[in-house]
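Engineer: One letter stands for each residue in the lines below.
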Amino acid sequence: QTVVTQEPSFSVSPGGTVTLTCGLTSGSVSTSYYPSWYQQTPGQAPRTLIYNTNIRSSGVPHRFSGSILGNKAALTITGAQADDESAYYCALYMGSDIWVFGGGTKLTVL
Amino acid sequence: QLQLQESGPGLVKPSETLSVTCTVSGGSIITSYYWDWIRQPPGKGLEWIGSVHYSGSTYYNPSLKSRVTIYVDTSKKQFSLKLSSVTAADTAVYYCARHWLDRSKPFDYWGQGTLVTVSS
Numbered sequence: 002q003t004v005v006t007q008e009p010s011f012s013v014s015p016g017g018t019v020t021l022t023c024g025l026t027s028g029s030v031s032t033s034y035y036p037s038w039y040q041q042t043p044g045q046a047p048r049t050l051i052y053n054t055n056i057r058s059s060g061v062p063h064r065f066s067g068s069i070l071g072n073k074a075a076l077t078i079t080g081a082q083a084d085d086e087s088a089y090y091c092a093l094y095m096g097s098d099i100w101v102f103g104g105g106t107k108l109t110v111l
Numbered sequence: 237q238l239q240l241q242e243s244g245p246g247l248v249k250p251s252e253t254l255s256v257t258c259t260v261s262g263g264s265i266i267t268s269y270y271w272d273w274i275r276q277p278p279g280k281g282l283e284w285i286g287s288v289h290y291s292g293s294t295y296y297n298p299s300l301k302s303r304v305t306i307y308v309d310t311s312k313k314q315f316s317l318k319l320s321s322v323t324a325a326d327t328a329v330y331y332c333a334r335h336w337l338d339r340s341k342p343f344d345y346w347g348q349g350t351l352v353t354v355s356s
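Order-wise, the sequence lines are chains A and B.
Read in the working numbering, the first sequence has 74 at position 73, and its numbers run on one by one without any break.
Read in the working numbering, the second sequence has 316 at position 80, and its numbers run on one by one without any break.
Bound conformation, chain A alone:
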């Protein structure tokens, strides 16, 4: 069974740039997986950041961007701010109307 992989944790300095990735234990992520990214703060429901690889959801700051880097989907935060400290989840379309979420990355801004 293919698993969606994310870094468990990451740290970035305020104003810095960080790239979180979303991969597969078997195979490469491409645009055909329609990767999307969600931000979640403790006690809250997830919020959509990016969908269809690189389209920002309404109201999402331009410092968030999505792409394919090598064989993974990627979420880049350019100019990280304190309130970007959250958990970030990717979701991939696996075919046959099946979706899989990654395990999430806990981002610390310090």
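Heads up, a few of these hints could be off.
The calculated lysine-lysine pairs, modelled on PhoX-like cross-linking and capped at a C-alpha distance of 25 Å, are [as the list claims (entries may be wrong)]:
id, chain 1, residue 1, chain 2, residue 2
1, B, 341, A, 73
2, A, 73, A, 107
3, B, 318, B, 249
4, A, 107, B, 280
5, B, 280, B, 301
6, B, 280, B, 318
7, B, 280, B, 249
8, B, 280, A, 73
9, B, 301, B, 249
Below, a sample of chain A positions facing chain B; criterion: calculated Cβ distance under 7 Å [said to hold, decoys possible]:
id, residue
10, 44
11, 46
12, 98
Hints listed in this document are in silico derivations from the structure and should not be mistaken for laboratory results.
Backbone N, C-alpha and C define an ideal beta-carbon position, used for all residues, glycine too.
We have chain A; now place chain B onto it with these hints.
Structural biologist: Using the frame of chain A, we list chain B on its own:
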């Protein structure tokens, strides 16, 4: 503004069936969207459980498929999840959400979630 609100029992005994319902307000359930259940065990990540279309078509996570039923009641603007033979591993916050039939679009609306604890 579309709103999704989960409701459930809060506590379920092991081996019993967990039932949670999502009520849709501020919009129609008879639309070109799928209605989803997603769960999150305490301190862990998100897991997609499955989805239903207002027509009744369903799609399930293969790892849960044998225990899951999702169905829709359009007259009540509700969709529901039943998960049978639960164990402590099914303790989680259960979210309802919506995603587009167009798979390039995201899960764009989420409920606030309801915690269901499996314990005797």
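Engineer: Can you list which hints this structure breaks, lowest number first?
Structural biologist: Hint 10 alone not satisfied by this model.
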